[in-house]
Amino acid sequence: MSEILVKIRDLHFSRGDRKIFDGLSLDIPRQGITAIMGPSGTGKTTLLKLIGGQLTPDQGTVEVDGQNVHQLSTAKLFELRKRMGMLFQSGALLTDLSVFENVAYPLREHTRLDNAMIRHLVLLKLNAVGLRGAADMMPSELSGGMSRRVALARAIALDPMMIMYDEPFTGQDPISMGVLVSLIRELNSALDVCSIVVSHDVPDTLSISDLVHFISAGKVVESGTPEQLQESRADWTHQFVHGDADGPVPFHYPARPIMEDLYG
Amino acid sequence: MISKLFDRLQHIGSATLKSFQRLGNGTVFLFKVIGSSYGLLLRPMQLVRQMYSVGVQTMIIIVVAGLFVGMVMSLQSYYTLVDFGAEDSVGVMVALSLLRELGPVVTALLFAGRAGSALTAEIGLMKATEQLSGMEMMAVNPMQRVIAPRFVAGVISMPMLALIFSAVGILGGSLVAVELLGLDSGAYWSQTQDKVDLYEDIYNGIIKSLVFGVVAVWIAVFEGYDCVPTSEGLGQATTRTVVHSSLAILFLDFILTALMFSK
Chain A
5 MSEILVKIRD
15 LHFSRGDRKI
25 FDGLSLDIPR
35 QGITAIMGPS
45 GTGKTTLLKL
55 IGGQLTPDQG
65 TVEVDGQNVH
75 QLSTAKLFEL
85 RKRMGMLFQS
95 GALLTDLSVF
105 ENVAYPLREH
115 TRLDNAMIRH
125 LVLLKLNAVG
135 LRGAADMMPS
145 ELSGGMSRRV
155 ALARAIALDP
165 MMIMYDEPFT
175 GQDPISMGVL
185 VSLIRELNSA
195 LDVCSIVVSH
205 DVPDTLSISD
215 LVHFISAGKV
225 VESGTPEQLQ
235 ESRADWTHQF
245 VHGDADGPVP
255 FHYPARPIME
265 DLYG
Chain V
200 MISKLFDRLQ
210 HIGSATLKSF
220 QRLGNGTVFL
230 FKVIGSSYGL
240 LLRPMQLVRQ
250 MYSVGVQTMI
260 IIVVAGLFVG
270 MVMSLQSYYT
280 LVDFGAEDSV
290 GVMVALSLLR
300 ELGPVVTALL
310 FAGRAGSALT
320 AEIGLMKATE
330 QLSGMEMMAV
340 NPMQRVIAPR
350 FVAGVISMPM
360 LALIFSAVGI
370 LGGSLVAVEL
380 LGLDSGAYWS
390 QTQDKVDLYE
400 DIYNGIIKSL
410 VFGVVAVWIA
420 VFEGYDCVPT
430 SEGLGQATTR
440 TVVHSSLAIL
450 FLDFILTALM
460 FSK
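Protein chains in written order, with my numbering: chain A, 5 to 268; chain V, 200 to 462.
Don't read these hints as lab results, they were simulated from the structure.
Virtual Cβ for every residue (Gly too), placed ideally from N, Cα, C.
Heads up, some of the hints might be wrong.
Quick partial rundown of chain A residues pointing at chain V, CB under 7 Å, derived from the structure [said to hold, decoys possible]: (1) 56; (2) 58; (3) 85; (4) 86; (5) 98.
Distance condition first, Cα-Cα at most 20 Å in a straight line; then the derived EDC-like pairs of lysine to aspartate or glutamate [unchecked claim]: (6) V:217 with V:206; (7) A:80 with A:100; (8) A:53 with V:206; (9) V:217 with A:21.
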């Protein structure tokens with residue numbers, strides 16, 4: 005396994021009374037695609053926000069490139085974030101700017117490049133995601149899949165060391181899904197970065213990942229390569245990978261016995 | 200019975216605590232916004248763009264409202280003053296009422312309804328669509344790029360809008376008094392010029408509108424930034440902006456009037 009880029013140890017995090025993470029520990033290598041998978045509501049997006057320093061844990065540490073994210077000053081955290089790209093589920097494009105200006109935004113904010121250079125870079129990034137022709141469109145004119153591709157171009161604008169993908173496949177038609185799957189794989193190889201994909205879409209995510217962490221009930225349930233996890237005999241992993249309706253995650257939400265409910 | 204009483208007491212207590220906590224959060228937010236505003240010196244175009252959307256686009260409603268308020272004031276003053284043979288003072292009555300009270304207060308109320316609610320909705324929607332989060336992850340501080348330009352633009356625009364409101368109101372008043380009621384134009388304007396004091400009336404009015412501007416825009420941007428990012432949460436935040444700003448403006452008007460015009 006290559007060098008570790010993200011190291012999470014004994015992470016505890018709650019929202020109100022609800023415990024999201026209860027002593028979660030995991031490592032993410034500097035190269036390759038690491039998938040973090042689990043059922044909806046297990047806190048996968050929350051984990052990305054904790055890695056990006058947008059949320060603060062109750063306990064435990066998150067280290068990115070050897071720096072404890074939650075002990076950094078705002079200036080240092082922002083410096084670190086310039087080396088992180090994040091693709092939000094909604095795309096999070098700035099709606100008052102065109103596609104071109106959205107991708108140019110981080111370059112204009114953080115570099116002193118002239119307009120000609122910015123134009124070159126933006127068109128190259130847009131070309132990489134196949135949307136050079138959509139440079140003048142506004143975000144409201146894009147489909148969901150196109151928005152995510154523009155957001156991906158923006159996420160790689162500053163050539164980051166890691167890219168975090170928050171549910172990249174949710175709500176995509178098969179063609180957009182195929183495009184995103186191959187883009188993630190190709191960009192990861194071409195840029196030689198660390199890609200973290202958070203998803204609950206089993207077949208597509210496993211097809212592109214090098215390492216997978218399954219999380220449930222605030223902890224890592226099982227980790228390994230996609231092949232190892234597909235053959236896993238652990239009940240929870242089997243249920244999740246094969247989409248069984250009943251198993252360690254029960255079909256019925258906890259309730260009183262039905263006879264008691266029906267007849268008192 | 201007693202347990203119900205305790206429940207109610209507990210409910211009141213927790214609601215009060217929540218209100219104070221929100222007020223505290225809002226105050227910290229205000230200081231952060233003020234602290235983030237220096238960056239606008241380097242990016243003046245951001246401020247200009249926001250002044251257009253917050254100030255210039257609010258001007259039509261301000262001008263129309265100012266015109267009618269001035270005209271109504273002129274009619275009402277005339278009907279009262281004519282009984283005492285003091286109808287020449289209509290101009291003074293209109294000008295003082297507008298500059299001291301109606302200009303700042305009505306402008307602020309209209310501003311809260313038009314620009315304040317739009318600010319809350321815009322910022323809240325940016326939060327709901329993760330645009331603010333996206334900026335943070337691009338190492339861009341939304342406080343500097345989104346909140347501060349809107350806040351400063353609102354604070355600068357308010358006194359200007361209030362002055363425009365009062366000026367148009369005085370013109371509207373003269374239109375009714377001179378053209379409709381047949382008063383002498385010279386009397387209207389010379390009495391107004393004679394009795395309106397630059398410091399006591401105009402400056403105090405500007406100070407009032409500046410204070411109302413800070414409060415109305417502060418509430419608007421805070422409600423947007425702090426809203427629950429759902430359609431229901433956004434609707435509630437927009438309503439709160441209009442209600443809280445209006446109440447705060449009326450309350451502050453009483454305090455400021457008591458402080459400024461006490462003899």
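We went through each hint and held it up to the structure:
A hinted interface residue such as residue 56 of chain A counts as satisfied when its beta carbon comes closer than 7 Å to some beta carbon of chain V; here the least separation is about 6 Å, so the hint holds. A hinted interface residue such as residue 58 of chain A counts as satisfied when its beta carbon comes closer than 7 Å to some beta carbon of chain V; here the least separation is about 6 Å, so the hint holds. Taking 7 Å as the C-beta cut-off, the interface hint given for residue 85 of chain A holds, the closest approach to chain V being about 4 Å. The criterion of a C-beta within 7 Å of any C-beta in chain V is met by residue 86 of chain A, whose closest approach is roughly 5 Å, and the hint holds.
For residue 98 of chain A, the shortest C-beta to C-beta distance to chain V is roughly 6 Å, which falls under 7 Å, so the interface hint holds. Of the supplied pair hints, the one linking residue 217 of chain V and residue 206 of chain V holds, its CA atoms being roughly 16 Å apart against a limit of 20 Å. For the given pair, residue 80 of chain A sits about 29 Å from residue 100 of chain A by alpha-carbon distance, which is inconsistent with the 20 Å threshold. Restraint check for residue 53 of chain A and residue 206 of chain V: not satisfied, since their Cα atoms lie roughly 38 Å apart, outside the 20 Å limit.
Distance check on the hinted pair: residue 217 of chain V and residue 21 of chain A sit about 17 Å apart at the alpha-carbon level, within 20 Å; holds.
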